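Novice: From first to last, the protein sequence lines are chains A and B.
So for the first sequence, the numbering used here puts the first residue at 1; every next one is plus one.
So for the second sequence, the numbering used here puts the first residue at 1; every next one is plus one.
Misleading hints may appear alongside valid ones.
Stated by the list, open to error - 35 Å max Cα-Cα, derived DSBU-like pairs, lysine-lysine:
#1 B/K71 - B/K100
#2 B/K56 - B/K42
#3 B/K68 - B/K105
#4 B/K56 - B/K71
#5 B/K68 - B/K56
#6 A/K14 - B/K56
#7 B/K71 - B/K105
#8 B/K68 - B/K42
#9 A/K14 - B/K68
#10 B/K42 - B/K105
#11 B/K42 - A/K57
#12 B/K42 - B/K71
#13 B/K105 - A/K9
#14 A/K14 - B/K105
#15 A/K9 - A/K44
#16 A/K14 - B/K42
#17 B/K105 - B/K56
#18 A/K14 - B/K100
#19 A/K14 - A/K44
#20 B/K100 - B/K68
#21 B/K100 - B/K42
#22 A/K57 - A/K14
#23 B/K105 - A/K44
#24 B/K71 - A/K14
#25 B/K68 - A/K57
#26 B/K100 - B/K56
#27 B/K100 - A/K44
#28 A/K57 - A/K9
#29 B/K42 - A/K44
#30 B/K42 - A/K9
#31 A/K44 - A/K57
#32 A/K57 - B/K105
#33 B/K68 - A/K9
#34 A/K57 - B/K100
#35 B/K68 - A/K44
Just so you know, the hints here were simulated from the structure itself, not pulled from any lab data.
None of these values were measured; they are calculated from a predicted model.
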Amino acid sequence: NTGVTQTPKFRILKIGQSMTLQCTQDMNHNYMYWYRQDPGMGLKLIYYSVGAGITDKGEVPNGYNVSRSTTEDFPLRLELAAPSQTSVYFCASSYPGAYEQYFGPGTRLTVT
Amino acid sequence: GESVGLHLPTLSVQEGDNSIINCAYSNSASDYFIWYKQESGKGPQFIIDIRSNMDKRQGQRVTVLLNKTVKHLSLQIAATQPGDSAVYFCAEIRTGANSKLTFGKGITLSVRP
């Protein structure tokens with residue numbers, strides 16, 4: 001297994017542009033998560049999914065959308081990028097009922 | 001509101017010494033705790049966990065201590081090595097349906113050669 005993979009590693013967006021952050025896991029985990037990490041702050045949950053076709057909002061969902069059409073993939077969509085969305089984004093996955101989460105390497109996004 | 005926090009933003013230790021990283025949590029209902037390590041440019045990596053029915057749990061060179069009376073968690077790293085240099089997060093959760101991990105802000109451990 002390669003674990004959780006994320007693309008791209010880095011991206012610079014202009015205000016108002018849109019993009020999709022990709023996340024794939026090959027561990028057959030049902031649960032997947034998107035977090036953002038701002039400097040000096042803890043991870044904040046954006047969205048999560050407990051299985052294909054099921055998604056739910058986390059702590060900071062505004063400005064983002066997700067979909068979960070397969071067990072493996074959980075893309076995060078930014079429709080109208082804003083400077084406040086400059087952050088490092090992490091995708092994670094876990095087994096149902098397990099609290100240990102496996103993280104991807106992150107995507108560093110800058111919005112200018 | 002409820003929060004998980006760390007006492008110190010940075011910790012510098014001499015190689016070979018023991019490191020102690022502290023974490024305070026405020027949700028007395030939390031019953032499961034995890035320590036994560038995050039190396040520069042990488043995602044967080046699970047180190048060790050502990051349930052609230054335990055006071056201590058040991059792994060390879062790491063020990064987690066839980067003091068529920070004062071809502072305090074610590075991570076002890078024995079014989080700290082340069083490869084231990086990273087940011088360390090504690091996370092807490094009240095287990096059950098729809099429960100989510102709450103992460104602390106992180107503390108940087110710097111190992112001096």
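Novice: For each hint, tell me whether it holds in the structure or not.
Specialist: For each hint, the structure was consulted:
1. B/K71 - B/K100: Distance of about 19 Å is within 35 Å: holds.
2. B/K56 - B/K42: Distance ~28 Å between B/K56 and B/K42 Cα, so the pair holds.
3. B/K68 - B/K105: Answer holds: B/K68 to B/K105 is near 20 Å, not above 35 Å.
4. B/K56 - B/K71: holds (14 Å)
5. B/K68 - B/K56: The given pair, whose Cα atoms are some 11 Å apart, holds under the 35 Å limit.
6. A/K14 - B/K56: Given that 35 Å is the threshold and the Cα spacing comes to 49 Å, the pair is violated.
7. B/K71 - B/K105: holds (17 Å)
8. B/K68 - B/K42: holds (31 Å)
9. A/K14 - B/K68: Violated, at roughly 47 Å.
10. B/K42 - B/K105: Status holds; Cα separation ~16 Å.
11. B/K42 - A/K57: holds (25 Å)
12. B/K42 - B/K71: Roughly 29 Å between the alpha carbons, so the hint for B/K42 and B/K71 holds.
13. B/K105 - A/K9: holds (22 Å)
14. A/K14 - B/K105: holds (28 Å)
15. A/K9 - A/K44: The given pair, whose Cα atoms are some 19 Å apart, holds under the 35 Å limit.
16. A/K14 - B/K42: Roughly 25 Å separates the two Cα atoms, so the pair holds.
17. B/K105 - B/K56: Status holds; Cα separation ~23 Å.
18. A/K14 - B/K100: holds (32 Å)
19. A/K14 - A/K44: Cα-Cα ~23 Å, so holds.
20. B/K100 - B/K68: holds (20 Å)
21. B/K100 - B/K42: Given that 35 Å is the threshold and the Cα spacing comes to 22 Å, the pair holds.
22. A/K57 - A/K14: holds (25 Å)
23. B/K105 - A/K44: holds (10 Å)
24. B/K71 - A/K14: violated (44 Å)
25. B/K68 - A/K57: Since the Cα atoms of B/K68 and A/K57 sit roughly 30 Å apart, the hinted pair holds (cutoff 35 Å).
26. B/K100 - B/K56: Holds, because 23 Å separates the two Cα atoms, which is no more than 35 Å.
27. B/K100 - A/K44: holds (11 Å)
28. A/K57 - A/K9: holds (24 Å)
29. B/K42 - A/K44: holds (17 Å)
30. B/K42 - A/K9: Judged against 35 Å, a Cα distance of about 10 Å means the pair holds.
31. A/K44 - A/K57: holds (12 Å)
32. A/K57 - B/K105: holds (21 Å)
33. B/K68 - A/K9: Violated. B/K68 to A/K9 sits at ~40 Å, over the 35 Å cutoff.
34. A/K57 - B/K100: holds (11 Å)
35. B/K68 - A/K44: Between B/K68 and A/K44 the Cα gap is close to 25 Å, so the pair holds against 35 Å.
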